[in-house]
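Those protein sequence lines, which keep their order, are chains A and B.
Okay, so the first sequence: first residue is 804 according to the working numbering, each after it adds one.
Okay, so the second sequence: first residue is 804 according to the working numbering, each after it adds one.
Careful, some of the hints might be misleading.
[Unchecked claim] Partner residues are not named here, just some residues of chain A that face chain B (Cβ under 8 Å, in silico): (1) Q820; (2) A846; (3) C923; (4) E929; (5) A950.
[What the hints assert, rightly or not] List time: in silico DSS-like cross-link candidates among lysine-lysine, alpha-carbon distance up to 25 Å: (6) B:K905 / B:K880; (7) A:K931 / B:K939; (8) A:K931 / B:K810; (9) A:K810 / A:K939; (10) B:K905 / B:K886; (11) A:K810 / A:K931; (12) A:K886 / A:K905; (13) A:K939 / B:K810; (14) B:K810 / B:K931; (15) A:K939 / B:K939; (16) A:K931 / B:K931; (17) A:K810 / B:K810; (18) B:K939 / A:K810; (19) A:K810 / B:K931; (20) A:K880 / A:K905; (21) A:K905 / B:K810; (22) B:K931 / A:K939; (23) B:K810 / B:K939; (24) B:K905 / A:K810.
[What the hints assert, rightly or not] Ranges of calculated distance between the beta carbons of each label pair, as one might list FRET restraints: (25) A:P807 / B:A828: 16 to 24 Å; (26) B:A928 / A:T900: 44 to 52 Å; (27) B:T900 / A:T900: 50 to 58 Å; (28) B:P852 / A:G909: 48 to 56 Å.
Think of the hints as simulated: they come from the structure by calculation, not from any bench.
Ideal Cβ placement from N, Cα and C applies to all residues, glycine included.
Number of protein chains: 2
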Amino acid sequence: MKDPTTKPGHLARRFQQIAVAVFHAEVEDAGYDLTPVQYAALAAVGTHPGMDQATLAGAIAYDRTTITGVVDRLVQKGLVVRKQNSRDRRAHALEMTEAGRKSLRGIEPSVEAAQRAMLCGLTAAEAKELMRLMRKAIDAANELSRAPLREAPVAMAKKA
Amino acid sequence: MKDPTTKPGHLARRFQQIAVAVFHAEVEDAGYDLTPVQYAALAAVGTHPGMDQATLAGAIAYDRTTITGVVDRLVQKGLVVRKQNSRDRRAHALEMTEAGRKSLRGIEPSVEAAQRAMLCGLTAAEAKELMRLMRKAIDAANELSRAPLREAPVAMAKKA
DNA sequence: CGATATTGAATAGTATGCTGATCATCAGTA
DNA sequence: TACTGATGATCAGCATACTATTCAATATCG
Chain A
804 MKDPTTKPGH LARRFQQIAV AVFHAEVEDA GYDLTPVQYA ALAAVGTHPG MDQATLAGAI
864 AYDRTTITGV VDRLVQKGLV VRKQNSRDRR AHALEMTEAG RKSLRGIEPS VEAAQRAMLC
924 GLTAAEAKEL MRLMRKAIDA ANELSRAPLR EAPVAMAKKA
Chain B
804 MKDPTTKPGH LARRFQQIAV AVFHAEVEDA GYDLTPVQYA ALAAVGTHPG MDQATLAGAI
864 AYDRTTITGV VDRLVQKGLV VRKQNSRDRR AHALEMTEAG RKSLRGIEPS VEAAQRAMLC
924 GLTAAEAKEL MRLMRKAIDA ANELSRAPLR EAPVAMAKKA
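Make a model of the complete structure from these sequences and hints.
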């Protein structure tokens with residue numbers, strides 16, 4: 804029987820586990836208290852101001868029900884606000900606060916450092932090839948998870 | 804600003820997300836109710852009968868506190884039993900039940916199918932290269948997570 | 001216009017995963 | 001043997017992630 808720790812599923816989980824640990828370490832060292840999802844959500848709101856939660860979920864490939872809690876915590880930390888969407892009273896228009904913008908700018912170097920740290924065992928060429936292969940595998944299987952990646956509408960702001 | 808969805812951290816999470824979804828789908832189709840961790844733990848107990856929980860955690864690179872709950876559920880499902888370890892009264896010697904062995908044998912084809920499905924977008928050569936690169940990156944960063952992979956002692960059974 | 005389907009959001013419930021702490025037991029040593 | 005440190009296991013607490021459901025509001029079609 805083949806060693807289970809060499810199977811794709813195990814490697815996928817392990818790589819993600821390391822990525823999260825490295826992210827936490829770098830971010831905490833820099834004095835910030837943001838998780839990987841929280842950072843991803845915050846960055847997405849910065850890119851697409853006024854987007855609703857379902858669009859946000861699709862833009863970063865998270866489940867909608869997970870995003871509800873993530874936004875809760877970002878709001879609680881004062882980094883994001885839920886505004887009324889005049890076009891659709893069901894939807895929340897997400898906007899960054901000044902504190903949110905400041906956090907996002909400040910945390911970027913740590914995030915970049917984490918991205919490098921999780922690939923520290925690879926040469927630059929290997930790292931590039933790994934990213935290419937992961938992207939290809941992920942693209943092909945995008946629809947297989949409940950939370951596929953969905954491009955955010957180009958002109959999100961206009962809809963808010 | 805670079806697209807965050809091309810960063811290693813995002814790709815790591817996304818690949819793992821897909822791996823879990825595919826695992827669940829295949830396993831459920833075959834009529835089994837086991838999560839990825841539960842399968843990994845069950846398989847490890849099968850390979851190293853009599854191992855304690857801390858050794859199990861190290862063998863599959865999970866946190867010890869997580870394994871407590873996983874073993875709880877495996878015991879509840881009647882697939883594993885916690886026996887007294889005569890040499891160390893703190894430790895539980897984990898043993899598979901007959902039902903556990905049966906489940907493990909029956910689930911294997913689904914697990915293998917899932918491993919293939921999550922790489923369906925890659926050629927055989929690409930899949931092999933992806934695995935090699937992930938293994939290399941993971942090995943280099945093994946100690947960076949709280950739950951590094953630890954080889955189980957060769958003669959576990961003798962210690963029980 | 002009205003019935004139906006769809007969609008944004010939230011909730012309940014379960015299972016990971018982690019940090020940090022506690023407790024019992026074991027191992028080594030002065 | 002008493003002390004000290006390490007180790008196995010668990011627990012409390014928090015934050016993902018998922019399934020399934022519910023509710024309100026919107027869209028669509030006859």
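Hint check:
1. Against a cut-off of 8 Å between C-beta atoms, the interface hint on Q820 of chain A holds, since the closest Cβ of chain B lies about 5 Å away.
2. A distance limit of 8 Å between C-beta atoms decides the matter here; for A846 of chain A the minimum to chain B is near 5 Å, and the interface restraint holds.
3. For C923 of chain A, the shortest C-beta to C-beta distance to chain B is roughly 6 Å, which falls under 8 Å, so the interface hint holds.
4. With a least beta-carbon distance of about 6 Å to chain B, the hint placing E929 of chain A at the interface is held under the 8 Å criterion.
5. Checking A950 of chain A against chain B: minimum C-beta separation of about 7 Å stays under 8 Å; hint holds.
6. The straight-line distance between the Cα atoms of K905 of chain B and K880 of chain B is roughly 13 Å, inside the 25 Å bound, and the hint therefore holds.
7. With a CA separation close to 14 Å, the supplied pair K931 of chain A and K939 of chain B stays within the 25 Å bound.
8. For the hint linking K931 of chain A to K810 of chain B, the alpha-carbon distance of about 11 Å falls within 25 Å, and the restraint holds.
9. Between K810 of chain A and K939 of chain A the CA atoms are separated by roughly 18 Å; this keeps the pair inside 25 Å, and the hint holds.
10. Distance check on the hinted pair: K905 of chain B and K886 of chain B sit about 20 Å apart at the alpha-carbon level, within 25 Å; holds.
11. Distance restraint check for K810 of chain A and K931 of chain A: the Cα-Cα separation of roughly 22 Å lies within the 25 Å cut-off, and the hinted pair is therefore satisfied.
12. With a CA separation close to 20 Å, the supplied pair K886 of chain A and K905 of chain A stays within the 25 Å bound.
13. Simply put, K939 of chain A and K810 of chain B have alpha-carbon atoms about 14 Å apart, close enough for the 25 Å limit, and the pair holds.
14. Straight-line distance between C-alpha atoms of K810 of chain B and K931 of chain B comes to about 22 Å, which keeps the hinted pair within the 25 Å bound.
15. Annotation: proposed proximity of K939 of chain A to K939 of chain B holds, straight-line Cα distance about 19 Å (limit 25 Å).
16. Restraint check: the Cα-Cα separation between K931 of chain A and K931 of chain B comes to about 16 Å, which is no more than 25 Å; the hinted pair holds.
17. The hinted pair formed by K810 of chain A and K810 of chain B meets the criterion: a straight-line CA distance of about 23 Å does not exceed 25 Å.
18. The straight-line distance between the Cα atoms of K939 of chain B and K810 of chain A is roughly 14 Å, inside the 25 Å bound, and the hint therefore holds.
19. About 11 Å separates the Cα atoms of K810 of chain A and K931 of chain B, which keeps this hinted pair within 25 Å; it holds.
20. A hinted pair counts as satisfied when its Cα atoms are at most 25 Å apart, and K880 of chain A with K905 of chain A qualifies at roughly 13 Å.
21. As the CA atoms of K905 of chain A and K810 of chain B are separated by approximately 21 Å, the hinted pair is consistent with the 25 Å bound.
22. Restraint check for K931 of chain B and K939 of chain A: satisfied, since their Cα atoms lie roughly 14 Å apart, inside the 25 Å limit.
23. Restraint check for K810 of chain B and K939 of chain B: satisfied, since their Cα atoms lie roughly 18 Å apart, inside the 25 Å limit.
24. For a cut-off of 25 Å, the pair hint linking K905 of chain B to K810 of chain A stands: about 21 Å separates their Cα positions.
25. For the pair P807 of chain A and A828 of chain B, the beta carbons lie near 19 Å from each other, so the given range of 16 to 24 Å is met.
26. Range check, A928 of chain B to T900 of chain A: Cβ separation about 49 Å, and the 44 to 52 Å hint holds.
27. The hinted range of 50 to 58 Å is satisfied by T900 of chain B and T900 of chain A, whose Cβ atoms lie roughly 55 Å apart.
28. For the hinted restraint 48 to 56 Å between P852 of chain B and G909 of chain A, the CB-CB distance of approximately 51 Å keeps it satisfied.
The structure meets every hint from the earlier list without exception.
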